[in-house]
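Chain by chain, the residues:
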Amino acid sequence: MSQRKGRSMHADLNGVTHWLILHAARRAPESLSSRLQEEWLADLESRSSALSRLRFAVGCCWATLVIVSDYSRSPVPAASSAAAATRLITFSDRNFGYFSVRSGTVFIVAGLHAALFYGLITTLSHTRGLATPPNLENHMLDPVPPEKLPALPPGLEIKGWTIDVQKLVVDVPPKVDIENDVTTQGDEKTPNPYSSPLPPEAPTHVVRQIAGGPGAGFPDTADFYPSLSIHLGEEGMSTVRVCVDPKGKLLSDPTTVKSSGSARLDEGALKLARAGSGHYRATTEDGQPVNSCYPLGIRFRLKS
Amino acid sequence: MGKKNANVRMSLQTLRVLEAFLENPTEQLAGADVHQRCGIASGTLYPILLRLESAGWFVSQWESVDPSTAGRPRRRLYRLTSTGLRRASEVFASFNRGVLA
Numbered sequence: 001m002s003q004r005k006g007r008s009m010h011a012d013l014n015g016v017t018h019w020l021i022l023h024a025a026r027r028a029p030e031s032l033s034s035r036l037q038e039e040w041l042a043d044l045e046s047r048s049s050a051l052s053r054l055r056f057a058v059g060c061c062w063a064t065l066v067i068v069s070d071y072s073r074s075p076v077p078a079a080s081s082a083a084a085a086t087r088l089i090t091f092s093d094r095n096f097g098y099f100s101v102r103s104g105t106v107f108i109v110a111g112l113h114a115a116l117f118y119g120l121i122t123t124l125s126h127t128r129g130l131a132t133p134p135n136l137e138n139h140m141l142d143p144v145p146p147e148k149l150p151a152l153p154p155g156l157e158i159k160g161w162t163i164d165v166q167k168l169v170v171d172v173p174p175k176v177d178i179e180n181d182v183t184t185q186g187d188e189k190t191p192n193p194y195s196s197p198l199p200p201e202a203p204t205h206v207v208r209q210i211a212g213g214p215g216a217g218f219p220d221t222a223d224f225y226p227s228l229s230i231h232l233g234e235e236g237m238s239t240v241r242v243c244v245d246p247k248g249k250l251l252s253d254p255t256t257v258k259s260s261g262s263a264r265l266d267e268g269a270l271k272l273a274r275a276g277s278g279h280y281r282a283t284t285e286d287g288q289p290v291n292s293c294y295p296l297g298i299r300f301r302l303k304s
Numbered sequence: 001m002g003k004k005n006a007n008v009r010m011s012l013q014t015l016r017v018l019e020a021f022l023e024n025p026t027e028q029l030a031g032a033d034v035h036q037r038c039g040i041a042s043g044t045l046y047p048i049l050l051r052l053e054s055a056g057w058f059v060s061q062w063e064s065v066d067p068s069t070a071g072r073p074r075r076r077l078y079r080l081t082s083t084g085l086r087r088a089s090e091v092f093a094s095f096n097r098g099v100l101a
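If you read the protein sequences in the order shown, they are chains A and B. Residue numbering for the first sequence follows the numbering used here, starting at 1 and increasing by one per position. Residue numbering for the second sequence follows the numbering used here, starting at 1 and increasing by one per position.
Hint data in this document are derived by calculation from the structure and do not stem from the laboratory. The structure presented is a predicted model; accordingly, all values stated were derived computationally and were not measured. Just to be clear, a hint being listed does not mean it is correct.
Said to hold, decoys possible - Taking beta-carbon pairs under 10 Å as the criterion, some of the chain A residues facing chain B (in silico):
#1 38
#2 47
#3 66
#4 67
#5 114
#6 117
#7 118
Quick reminder that beta carbons are idealized off the backbone N, C-alpha and C, glycines included.
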């Protein structure tokens, strides 16, 4: 079976080979056509393998093209003598390179095929990338190194970030006791520059705080005006810090937080603050008196 | 070929064909014989043979056999002419001297 198939293929190749030679001979110049056909068919018999015969036939097709090309050129007149023939042979026309017209044409055709193949490959790969979605792949990314901050000045260290949330308080204006000429400046924590611009938060409970101050029965400033200061005409306001319980009594000894410029007046203010224990008005939150500390301004002024 | 064209392009393949004939200048060779000696493909060989014949370097004639008796077609046999032998010798001599012309 296989031998029969081999013989059939051999016969087919033989037929193709003969057809190629006959076709090549027919395309040759008319004066050479029959000669070349017989010559090539005779030389074909010397080839044994089918592949060699096929190559020979294809070569004959190419030879026809070259022969036709040679015949189309204007022939050089024949040499009349050997000396004339010697002069006519132009060695400058010699081509000693390995690339004849045939080889050059083969290279050009091969180059065109390679370029076409490359173009198809690149175009198809580009089209495939557009038509099909890219494969979804997981890529393990290297951790991004933390951005370097500028170096801190020596001695300064940042231990962490904190966010200060200011407690919203109602800024109660201090109550001024005109008669005793003693003014309270409110709690030290009360002045809050950030409290005013903040909009009120409706759902948050707002503690209504009323700062304390001198209450009923608080001693008169004149009783504690130092006599030497009166004689010297010293005037001024000393601010003391007092801590008061819900009953208006001092929780601790008052301290001077802002001097009046006169030690005597500051001492007189401290005596007045101490003497007022039990007569302070306690600070209230939502109406309930609570312990609180607040500055108390005491002004000494001579009446003219 | 009829027309004589002495202007022969001396390619490497042409030199190899001439070399095959110069081994025995009186010998007649068919195209298949030249192919076996120098290995030139048929597409290059036959145009060279025709050019050299056209230039008067070769003469060719049919093999004197009866195809029916031999069981094969007649072969075309080529042989160097006296002109061809001298010119081919000059060409190779110039190469041996290292001078082209």
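Verification of the supplied hints:
A cut of 10 Å between beta carbons decides the hint on residue 38 of chain A: the least distance to chain B is about 6 Å, and the hint holds. Because the smallest distance between the Cβ of residue 47 of chain A and any Cβ of chain B comes to about 8 Å, under 10 Å, the interface hint for this residue holds. Hint status for residue 66 of chain A relative to chain B: holds, with the closest Cβ pair at about 4 Å, below 10 Å. Here the hint on residue 67 of chain A is kept, as its CB sits about 5 Å from the closest CB of chain B, short of 10 Å.
With 10 Å as the threshold, the beta carbon of residue 114 of chain A stays out of range of chain B, its nearest partner Cβ sitting at about 22 Å, so the hint is violated. Annotation: interface hint on residue 117 of chain A violated; nearest CB of chain B at approximately 25 Å, more than 10 Å. Below 10 Å, beta-carbon pairs count as interface contacts, and residue 118 of chain A has none with chain B, the closest being about 28 Å; its hint is therefore violated.
In the structure shown, a violation is registered for the earlier hints numbered 5, 6 and 7, in ascending order.
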